[in-house]
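Quick one: dock chain against chain with the hints and give me the complex.
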Amino acid sequence: MKDQSPYGLQRFFEFRNDTGVLVPAFAIIRIEEVLSDVAVKIGMPTSAKEWLHAVNGPRDVAIGGRGECTMDFPTWALYDSGSGTPANGEIWKPSAGSFKLTLASNDEGNFPIYGGADGNRVVVGPPFCNCG
Amino acid sequence: MQAVVSYPNLEGVRGGSIVWTVGIEPSVIQIDVVPRDTVPDQSGDLTLSYGSTVVTLPNCKIDSGSIQRRGQRIIGLRFLDRRWMWRDTGEITGRYNLRDEGQNLITKLEKTPQELAALLFEAMGESSFDVGRLPNDARPQKEWVGANPARELDELCESLGCVVVLGLDNVPRIKLIGQLDSLLPTSKLITPDEGLDSAEIPDSILVIGGITKYQGIWNTEAVGKDTDGSIVPIDQLSYTPSTGWENESPKGFYNVLQEFGRDAQSLAREWVFRKYRITSALDSILSRSGDVPETWLRRSERDEALPIHDTKLSLVSHITGGLQTVEKPEGAVVRGQFWDGSPDFENTASKELYEGSFSIDRETGIISFNDPVYRVTGVNAIENYQAALTLETTYSLRNTDSEVWRRERFELQVRAEPIGTGPFVVRRDDLVRTHRLDYTFGDAQLIDSVVDADNIDTVRSEMQFVAESTAAQFVDKPTSTLSYSGIVPIDLDGAVRQVSWRWGNSQPAITDASLNFDKSPVTPTLKQFRQRRRQLQVEQFVDSLKQLGIDAGKLKQFGGAFFGGQ
Chain C
26 MKDQSPYGLQ RFFEFRNDTG VLVPAFAIIR IEEVLSDVAV KIGMPTSAKE
76 WLHAVNGPRD VAIGGRGECT MDFPTWALYD SGSGTPANGE IWKPSAGSFK
126 LTLASNDEGN FPIYGGADGN RVVVGPPFCN CG
Chain Z
14 MQAVVSYPNL EGVRGGSIVW TVGIEPSVIQ IDVVPRDTVP DQSGDLTLSY
64 GSTVVTLPNC KIDSGSIQRR GQRIIGLRFL DRRWMWRDTG EITGRYNLRD
114 EGQNLITKLE KTPQELAALL FEAMGESSFD VGRLPNDARP QKEWVGANPA
164 RELDELCESL GCVVVLGLDN VPRIKLIGQL DSLLPTSKLI TPDEGLDSAE
214 IPDSILVIGG ITKYQGIWNT EAVGKDTDGS IVPIDQLSYT PSTGWENESP
264 KGFYNVLQEF GRDAQSLARE WVFRKYRITS ALDSILSRSG DVPETWLRRS
314 ERDEALPIHD TKLSLVSHIT GGLQTVEKPE GAVVRGQFWD GSPDFENTAS
364 KELYEGSFSI DRETGIISFN DPVYRVTGVN AIENYQAALT LETTYSLRNT
414 DSEVWRRERF ELQVRAEPIG TGPFVVRRDD LVRTHRLDYT FGDAQLIDSV
464 VDADNIDTVR SEMQFVAEST AAQFVDKPTS TLSYSGIVPI DLDGAVRQVS
514 WRWGNSQPAI TDASLNFDKS PVTPTLKQFR QRRRQLQVEQ FVDSLKQLGI
564 DAGKLKQFGG AFFGGQ
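Quick note, the sequences are listed as chains C and Z, same order. The opening residue of the first sequence carries number 26 in this note's numbering; numbering runs sequentially from there. The opening residue of the second sequence carries number 14 in this note's numbering; numbering runs sequentially from there.
Hints were generated in silico from the structure; no laboratory data involved. The beta-carbon is built from N, C-alpha and C at its ideal position, and this holds for glycine as well. Careful, some of the hints might be misleading.
[Unchecked claim] Short, incomplete list of chain Z residues facing chain C, as computed with Cβ under 10 angstroms:
| no. | residue |
| --- | --- |
| 1 | Ser140 |
| 2 | Ser141 |
| 3 | Thr256 |
| 4 | Lys264 |
| 5 | Gly265 |
| 6 | Tyr267 |
| 7 | Glu343 |
| 8 | Val346 |
| 9 | Ser355 |
| 10 | Pro356 |
| 11 | Asp357 |
| 12 | Phe358 |
| 13 | Val389 |
| 14 | Asn393 |
| 15 | Ile395 |
One chain only, chain Z, in its complex shape (with noise of 0.2 angstroms):
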C-alpha cells in the first residue's frame, strides 16, 4: 500500500515526513518532488492518505524549497503547519490578576488560568478549543500590552505544567505534560525502542516572592540643611542661634539673622521645624518568632528601610470625578505630640492625628510640613522645641548583610537525599508578603493593643504551589519511540510529544510515536523553544530598558528586580 499526500497543485511527490510536535511552534513537513511545470499554493490543506487512514493538516504553507540531486534533480519543499499563524501574528492586550498595595487581588480583574488560556486561544483566532485540563487554583499575574497570545499561552502553560497540543482533529488542547490520554496501539507495531529521561533533578525547588512590604510606625528627629548641604539633627546645626531654638521664633528665626545672616535665616526658616526625618521603627515585627511577643521589639533602622513608601497597606475608598467609588492606598499618617497654635499654649495629647499638610521624600525619609510643627512649654513664657511625631507608613527593609530587599522564600525539597545541586529557583514577584500592624494608642509611647494582618499563610501557600507545580516537571520519565508500518493517525498528548509519519522515495511507510522526548532535527523541541522564547523576552525586556535610557547592568547594582540581586 502506497501513502498518498495531496496539497493545492502540488505533483510529482516522491515522497517526505511529518514531524507532529507538541507546543505553539508550527511542525514541519517535508516532501520531495521531481520538477514539474506547476506551481503548488502558497497554502492550503495537506492530505496525507494511506488506505482508508487519512491525515488532514488544515491551512499549511510553503516556508521555503531546495533542489537535491539525487540521481535525477528532486525539489525538497517545506511546509508548516497552521500554528505559523499563530507564532507569527495575533495581540493580547489587558490587566488581570493585579492586586491592589495591600496585595489583595482587584476582584475586577481576577481570572482564573482556564478564563487566561480562553482569552489567549481567542485571540489567536480560535473557536474551538479545550483549557479543562489546565490547573485552575492560582492567580497568575499578568499585564500585556499588544502581546503574542501564543507565546503568552505557553508560558501559562508552563507555569503550571502544561503544553498546547494541536489534535488532529484540528482542535487545539491543554495537556498535562506526562500524563497520557490513551494507550497507544499495538497493531501494526513494528519494535518499541524503551529508554529513559532522566530528570535533572535539584535538591530543592526555591519559590522567591516579591518584596515583603510592612505597614509600621517610625520614629522621627526634626533635621535641618546646614551651610554645607549636610543633613544633620537642628541641635547639631551650625547655626544653630547661641539662645537655642527654644527662644527662637519659627516663623521668623531672626536671631539666625543676626548671628549667622540671611543665608542660615532662609536654610532655617525652610528647614527648622518644617522637617523631620525617620529614625527608627517604634517596633519592628520581623524577629517575632512563635507566640513571643518579646522578640519582636527590635528596631529596624531608617537606611536599612530607604526608600520608604508614602501610602499604608490599608485601603480607603475615593470619588472620582465621574462619581465612581475605587479604592486607593490609604495615605501615610503623621501623628504625635505638638502645639496646634491654640491660645492656651497647651500641646496635644500624645498621639494626636496631624491634620496639616505634609509630603514625603520617599529616598530620604523626610517629612515636609507646610507650617512649622513644634511642642512649646513654659508657664509664663513660651519656649519651643521639636514635636514628638512618628510616621506610619509602608516600607521594606533590606538584610543588613547583603543590602538585598527582604522577600518571603519558600523551599521545597526535591530529594530525599541532597546531592549538593543547590535549589532550582522560581522568581514570583507577584507573590508578595505584605504585613500590617493596626495599633491602638495608649500612653506616650506606648502601644496598648496590635492587630497582627499577616497574609504569609496565603503567600506560602501559592509558593507551594508554584513549588510543587514546578517540582513535578523534574520527573524521570520512561520514555519509548514506537514504530509502526504504514501511516497510523496516532494523536498527541501530554506524553506523546511528536508522532512522525514517513512515506514514498522507495521506502515503506512508517509511523513513529515518542513518548516523552522529541527528537526530530528539523523541529525545535519544546525545552528548546522554550528557553529560546524566554532569551526573547529578557532580550525585549533589555531594549525596552534602552528606549528608555536606562542601562541595564546599572539596574543590577540597584538591585533590580529582573536580574538576580534582589
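Next comes chain C alone, as it looks inside the complex (with noise of 0.2 angstroms):
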C-alpha cells in the first residue's frame, strides 16, 4: 500500500471500542471523548442532528479492541439496504443506535452520496453540519 494511493493520504486516528459490540468496518461512529493515551472512546450515533461523526477504517473493530477512523472524506461508509441502495446526490443520515447511513428524509440528512454503492457500502461526501 503506498502512502501516495487513495487509501495511503487518508488520515486516520485510533479509537477504542468501547460500544460493547463489535465496530463493523466502515461504520459510522460518534466520537464521545478524548482518551489520555491519544486514542478517542467512540460509541454508536444517537442522532443525525450532531457533527461528531467519523467514519471507522475498513476492518472490523472486536470489543474493546482498537481500530482507525477517519474524518477525511470522501470515504467509504455502511449504508442500511433497507432505506434503497443510495444514489449520486442524495443526502443520507446516521440513525440513533446504528452503525449504517439511512436515506434522509426532509432537511435532516447530512451525508451527500458520491457515485454509487458497492456491496453494503458507499462513498460519502464531508457531511455538513445539521445542528439545528
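Printed below as a string of C-alpha cells:
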C-alpha cells in the first residue's frame, strides 16, 4: 500500500471500541471522548443532528479492541439497505443506535452520496452541519 | 687477441665478466682493476671490444666496489646495465579490461596484451621496442595505481609465457619462452655441454575463476524484530495481537499497543509488513545438467547466498549530470501481489512490479519498504495479510559442505598418466561466470518462459587458453651451455637465456651461451626473480590491508579472495 494512494493519503486516528459490540468496517461512529492515551472513545450515533461523526476504517474492530477512524472525506461508509440503494447526489444520515447510514427525508440529512454503492458500502462526502 | 673494455675514466682493467640475462632485472658486469688515481664515472656506456667485435652496453652504472688482494691490490667493480632504471624507477596508472557487473568487457577500457605491453614500455621510457611476439588473444584485467611498469610488464609476460629480452642492439623485445630465434654459431665453438631442464610437470592445470554470479528470483517472507532482538516471521512474533495481524491497522498497530505496550508497537510499526526477507530461490540453475530442465528445479536457500547483491546483472543507461550516458547495473526488482492502496480494495495482479521505494540489506537479505506492503481480502470488512513478493537480483552461492563461494573451474590434464601430484592451480578472479535467467511470468507462481543467458562458454574458452599457456611452461627442455673462444656477440631470445663473456686476468677470452637455463651466481635467475616479485606483491597487499586496519589473517576466515580460502 503506497502512501500516495487514495487510502494512503487518508488520515486516520485511533479509537477504542467501548460500544460493547463489534464495530464493523466502514461503520458510522460517534466520537464521545478524547482519552488520555491519544485514542478516542467512540459510541454509536445517537442522532443525525450532530457533527461528531467519523467513519471506521476498513477493518472490523472487536469489543474492547482498537481501530482507526477518519474524518477525511470522501470515504467509504456503511449504509442500511433497508432504506434502498444510495444514488449519486442523495443525502443520507446517521441513525441513532446504528452504524449504518439511512436515507434522509426532508432536510435532516447531512452525508452527501458520491457515486453508487458497492455491496454494503457507499462513498460519502464531507458531512455538513445539521445541528440546528 | 686481447679483449678491451672501456668505460668513462676507467683505467687499469685486469679482466672481468659480463653476465647478460633475459628479464627486467639488470645484468651484472664485474671488472677487476688495479688502483689508479682516476675515478670512474658513476654512469656511462660500457664497451667490450675484441678485434672487430664490439659489444656496447649503454647507460651502465657502478653498483658497488670491493678491494681484493691477489698478490697485489685489486679493486673489484660491479656495474649494472641500464635495466637498473627499469627496476627502480617509472610509474604507470590506469585501468584496463575491466568488466561490468554482467562480466561484459567495458569497451572503452579494452586493450590487447600487446597494447598493454606498449603502454608499459613507454612508461619505462622506451621509445623503440617490439611486442609482436606477445600472444594477443587474452584480455587480462589490470588496475595500476602508481605501479612499477617493468614489474607489471614482467607479470604480463609471465602470464602469457613470455619474457622481456634486452637485445645487444639496445632494443627491448618480448620473446616466447623456449623459442630460439636463430641457430647459434658453430665457429669458435670449444665444447657443448648438453643437459636437460626437467620441468616439474603436474598432473593437471586447474584454472579457478572469480565468484560465479547468478541472477534469479527469490521468494520472501514478512519478518519482524521481536522484543529479544531476533528476526522471525511475523506470525511468530511475541507481540502478535490476539486478533491476528489480519485485523490490525498497518498504519497504527493499535492493538499491539493495547496488548503489549508502546515498545512492541514501535517495533511493529518499523517492521511488520515493511520488512521482507528472502527465503529461497524460486528455482535454481545450479543443478541443471544437459538438456533436462527438471533437474534445475532445485531450491537455493538464503544462507547459501548471503550476502546478496542489490543490483541485477543486466545494465541500464543512466544520464549523468554532465549529460553523458553511462551504463550501470539495473537495480534489483520486487514483484508480487499486494494491495496498492486502491479504493476498491483489490490486490494487484500476481507478479506486479512494485514501484515504491525500498532498500536491501545485503548481509541479511532483508528488503525494507518505505510503506507497508500487504494484501487485503474480504468483501464487507478488509483483512490484511502478508504480500506475496519476490526479489529479482544478483547473488552468488556457497557450497553447502565447504562454505566457499562457487567459482567456475577448468582443469586441463597435462600428464597422460597421472602420478599423483595434484593440479597446478592458477587463480583468475577476473574470469567470472555469470548466469542470468530472464523470466516471463504467467500464472501466480509459474514462470511461462525462461531466457537463459550464460557466459560459461566464453569463460571456459578463456580458462582453457590460460591453462594451455600455463601448461606450455611445463615442458622438459634440452639445455646446453655452448662455450666459444673469444668474445662472440650472441643475442638473447626465449631460449638463449644467458650469455656471459669473460676476459683478462691472464685467461683467454671466453663466451658462454646457456640454452633454456640461467646459472649465474651473481644474477638471480628468471624463476628466482619472479618468485621474489610475487612474494613482494603479497607483502605489499598485506601492508595495504594493515594500513586500512584489516587483519589479513581474518580475511581467510571470511573466505577472502587472496588467501586461498575461496
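Evaluation of the provided hints:
no., hint, in the structure
1, Ser140, "violated, 65 angstroms"
2, Ser141, "violated, 67 angstroms"
3, Thr256, "holds, 6 angstroms"
4, Lys264, "holds, 6 angstroms"
5, Gly265, "holds, 6 angstroms"
6, Tyr267, "holds, 3 angstroms"
7, Glu343, "violated, 22 angstroms"
8, Val346, "violated, 17 angstroms"
9, Ser355, "holds, 6 angstroms"
10, Pro356, "holds, 5 angstroms"
11, Asp357, "holds, 8 angstroms"
12, Phe358, "holds, 7 angstroms"
13, Val389, "holds, 8 angstroms"
14, Asn393, "holds, 5 angstroms"
15, Ile395, "holds, 4 angstroms"
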